[in-house]
Amino acid sequence: MNTKFLSASVMMGLLLASCSSTKNLKNDLAVSTPIETSINLNNVANDKAPIVINPGRFTVSSVTYRLPRVVQGTYSVSDFGKYVDDFKAINYKGESMPVVKVDVNTWTIANAKQLDKITYLVNDTFDIETEGGIGGEEPFSPSGTNIEPENYVLNLHGFIGYFDTLKNNQYKVDVTGPADFVRTSALQTVDSKTSEDGKSITTSYFAPRYFDITDNPMMYGKLDVEEFMVGDIKIVLSVYSPNKVHTAASLKETIFKMMQAQKVFLGDINSTPRYDIYLYLSDGADDSPKGFGALEHHTSTVVVLQEDMDEATLASSMTDVVSHEFFHIVTPLSVHSEDVHYFDYNNPTFSKHLWMYEGVTEYFATLFQVSEDLVSEDEFFNKIMYKVQASQDMNDAMSFTIMSENVLKEPYKDQYANVYQKGALIGMCIDIMLREESNGQRGILSLMKELSNKYGKNKPFEDDKLIDEIVSMTYPSLRDFFDNHVIGDIPINYNQFLSKVGLEITEGKIETSYVHNAGTLLFGANPQKGEIFFTEEVAKNSFWNEQGVQPNDVLKAVDGELFTMQNANDLLQKMFAWVPGTDISITLQRQGKDIEINTKTTKSYTMGSGIFEKTDATEAQKVLREAWLKG
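Per the working numbering, residue 4 is the first one in the sequence shown, and the count goes up by one each step.
By construction, these hints were calculated from the structure, which means they are not laboratory data. The reader is advised that the hints may include incorrect statements.
[Stated by the list, open to error] Taking lysine to any residue pairs in the SDA-like style, the calculated list, with each CA pair at most 25 Å apart, reads:
| hint | residue 1 | residue 2 |
| --- | --- | --- |
| 1 | Lys633 | Gly551 |
| 2 | Lys51 | Lys116 |
| 3 | Lys91 | Thr77 |
| 4 | Lys85 | Thr192 |
| 5 | Lys225 | Gly201 |
| 6 | Lys412 | Val518 |
| 7 | Lys120 | Asp183 |
| 8 | Lys260 | Ile490 |
| 9 | Lys532 | Val518 |
| 10 | Lys606 | Gln594 |
| 11 | Lys603 | Asp313 |
| 12 | Lys503 | His519 |
| 13 | Lys503 | Asp492 |
| 14 | Lys104 | Glu153 |
| 15 | Lys617 | Ile508 |
| 16 | Lys503 | Phe579 |
| 17 | Lys386 | Tyr478 |
| 18 | Lys225 | Pro53 |
| 19 | Lys559 | Phe579 |
| 20 | Lys543 | Thr604 |
| 21 | Lys633 | Lys293 |
| 22 | Lys116 | Ile131 |
| 23 | Lys247 | Lys170 |
| 24 | Lys255 | Ser379 |
| 25 | Lys543 | Tyr478 |
| 26 | Lys170 | Gln444 |
| 27 | Lys170 | Lys293 |
| 28 | Lys255 | Tyr345 |
| 29 | Lys202 | Lys416 |
| 30 | Lys293 | His519 |
| 31 | Lys170 | Val105 |
| 32 | Lys237 | Lys51 |
| 33 | Lys416 | Thr77 |
| 34 | Lys91 | Ala113 |
| 35 | Lys85 | Thr62 |
| 36 | Lys460 | Lys559 |
| 37 | Lys260 | Lys116 |
| 38 | Lys460 | Met232 |
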């Protein structure tokens with residue numbers, strides 16, 4: 004993003020000059036002027052922010068105004084119109100005009116020639132999310148909005164809508180807030196004015212079209228911000244931690260190391276001069292967001308995670324989550340279909356290629372960590388094995404292209420999460436096939452570079468032709484893979500591909516955590532007694548075996564904190580975050596007697612399915628594996 008400041012008068016001159024070529028008096032005078040919008044955070048009442056939309060003068064008889072039903076990067080219905088109250092149309096005399104609400108997101112206004120402006124109130128979405136995730140069809144937290152005295156998450160698609168005929172109009176966005184607020188925005192700042200009493204500041208931003216409104220979030224309030232350079236990219240990290248548990252400074256090294264590795268991994272793929280990361284840490288209260296993860300934008304991402312994570316766990320989560328979002332600069336920023344390029348916020352159609360948009364992106368976010376030595380090969384194989392197991396827990400015999408194209412419908416929408424599991428594994432299989440066919444010289448990253456050079460951010464591909472193009476650009480062997488496992492519904496035999504690099508999925512000794520054995524929880528609960536106890540699974544866990552722990556031992560305390568049914572999840576999460584070398588103190592109860600364990604954690608192992616080197620792996624396969632993992 005270009006963050007250069009321009010004066011308001013110079014900027015407005017550029018706006019008017021640049022849109023003169025699109026002036027179309029036959030349809031609308033409004034197409035020749037920027038849509039002026041304002042959000043006033045000083046006048047928030049009952050978590051509702053006042054919005055004013057001034058589109059300029061219309062010459063048509065009626066107009067339609069909408070807030071998005073679906074936003075890009077999400078594959079579910081959000082209905083942002085649900086959070087709008089007191090919608091009014093005002094004529095040039097200052098009088099209210101009749102408005103017809105067509106549906107939850109749509110309003111029509113007759114006699115539009117008299118329309119001066121639209122006003123309404125916007126409620127936030129964070130405080131209506133249900134426990135345990137998103138209930139019904141509510142916005143996923145990172146795509147949602149927050150309106151609280153200390154923090155405002157301004158995903159602008161939740162505040163500002165569009166006129167059907169003016170989606171390509173420029174926008175001027177004024178945001179007014181207290182002068183002591185920290186404010187960060189991925190939109191270009193064009194002006195800033197302080198009130199006469201010095202208590203508030205109005206910042207003006209410029210958006211070339213409505214897409215840029217939806218693509219550039221903001222955060223205002225009691226924020227912690229760090230700005231730093233990673234090569235030629237300026238990173239702006241904004242963190243809101245309500246209880247000051249974490250800071251932007253404490254995360255800066257993690258983000259720097261991660262993004263530096265990503266730049267090396269991507270090589271000469273075009274990137275962005277600026278990238279914004281907005282991190283909202285949920286304190287777990289009833290009115291706090293429950294949907295943890297992130298939403299990508301072209302040059303920024305909004306992340307929502309738990310505030311009670313320890314520093315190491317949060318750093319690991321940020322590496323996994325933010326790296327995925329940053330890799331979206333490859334796809335869909337540089338490689339995308341017409342469905343993405345001409346996105347319809349009210350009635351969207353979806354590409355067949357979520358295996359690429361989300362799957363390959365997730366694969367890159369996993370692969371780059373081993374490629375750039377952020378994780379070991381065993382840790383990488385564990386992540387791949389988890390994806391294999393998670394994908395097989397879903398419908399493994401479903402066409403990925405059909406699921407993608409129908410992702411808002413049953414039974415496909417319940418399978419969406421598989422884009423991060425099987426979608427990534429599809430990327431892995433293609434990567435290994437390309438390495439084999441090219442003697443290690445080409446992989447899926449080089450394929451994406453070739454597609455990026457052919458298309459780029461301003462030229463979409465035709466959805467039905469992409470796979471044919473990939474096959475023609477690469478090797479005929481990919482045709483069968485796509486026909487059988489992406490277009491078709493035949494489950495993938497992963498050993499067929501892993502064997503090419505001297506690996507196989509088999510039973511063996513695998514590293515695991517201190518709370519489960521390869522995904523099987525080590526603990527059970529007795530709600531009547533209010534107790535958490537070790538199950539029979541503990542006998543298969545090397546660390547707890549070394550400590551003499553037995554099945555049915557009751558967990559009384561961890562590091563001096565007593566276990567209760569209320570805090571059990573928090574304490575088990577703390578134990579999950581242990582790393583080898585952690586000093587721990589555990590109190591157990593066995594047959595009415597307390598047992599104290601004071602030790603330092605060591606690596607924990609169990610027996611289970613994992614990815615291991617084949618006993619008969621050839622040197623050629625090992626060389627190919629090195630090319631696959633290290634590029």
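The hints, checked one at a time:
no.: 1; hint: Lys633 - Gly551; in the structure: violated, 41 Å
no.: 2; hint: Lys51 - Lys116; in the structure: violated, 29 Å
no.: 3; hint: Lys91 - Thr77; in the structure: violated, 29 Å
no.: 4; hint: Lys85 - Thr192; in the structure: violated, 29 Å
no.: 5; hint: Lys225 - Gly201; in the structure: holds, 18 Å
no.: 6; hint: Lys412 - Val518; in the structure: violated, 36 Å
no.: 7; hint: Lys120 - Asp183; in the structure: violated, 30 Å
no.: 8; hint: Lys260 - Ile490; in the structure: violated, 38 Å
no.: 9; hint: Lys532 - Val518; in the structure: holds, 21 Å
no.: 10; hint: Lys606 - Gln594; in the structure: violated, 28 Å
no.: 11; hint: Lys603 - Asp313; in the structure: holds, 18 Å
no.: 12; hint: Lys503 - His519; in the structure: violated, 31 Å
no.: 13; hint: Lys503 - Asp492; in the structure: holds, 23 Å
no.: 14; hint: Lys104 - Glu153; in the structure: violated, 33 Å
no.: 15; hint: Lys617 - Ile508; in the structure: holds, 9 Å
no.: 16; hint: Lys503 - Phe579; in the structure: violated, 34 Å
no.: 17; hint: Lys386 - Tyr478; in the structure: violated, 28 Å
no.: 18; hint: Lys225 - Pro53; in the structure: holds, 21 Å
no.: 19; hint: Lys559 - Phe579; in the structure: holds, 17 Å
no.: 20; hint: Lys543 - Thr604; in the structure: holds, 17 Å
no.: 21; hint: Lys633 - Lys293; in the structure: violated, 37 Å
no.: 22; hint: Lys116 - Ile131; in the structure: violated, 38 Å
no.: 23; hint: Lys247 - Lys170; in the structure: violated, 40 Å
no.: 24; hint: Lys255 - Ser379; in the structure: holds, 22 Å
no.: 25; hint: Lys543 - Tyr478; in the structure: violated, 45 Å
no.: 26; hint: Lys170 - Gln444; in the structure: violated, 44 Å
no.: 27; hint: Lys170 - Lys293; in the structure: violated, 32 Å
no.: 28; hint: Lys255 - Tyr345; in the structure: violated, 36 Å
no.: 29; hint: Lys202 - Lys416; in the structure: violated, 47 Å
no.: 30; hint: Lys293 - His519; in the structure: holds, 24 Å
no.: 31; hint: Lys170 - Val105; in the structure: holds, 19 Å
no.: 32; hint: Lys237 - Lys51; in the structure: violated, 33 Å
no.: 33; hint: Lys416 - Thr77; in the structure: holds, 11 Å
no.: 34; hint: Lys91 - Ala113; in the structure: holds, 13 Å
no.: 35; hint: Lys85 - Thr62; in the structure: violated, 29 Å
no.: 36; hint: Lys460 - Lys559; in the structure: violated, 57 Å
no.: 37; hint: Lys260 - Lys116; in the structure: violated, 55 Å
no.: 38; hint: Lys460 - Met232; in the structure: holds, 24 Å
Comparing the model with each earlier hint shows violations of hints 1, 2, 3, 4, 6, 7, 8, 10, 12, 14, 16, 17, 21, 22, 23, 25, 26, 27, 28, 29, 32, 35, 36 and 37; every other hint is respected.
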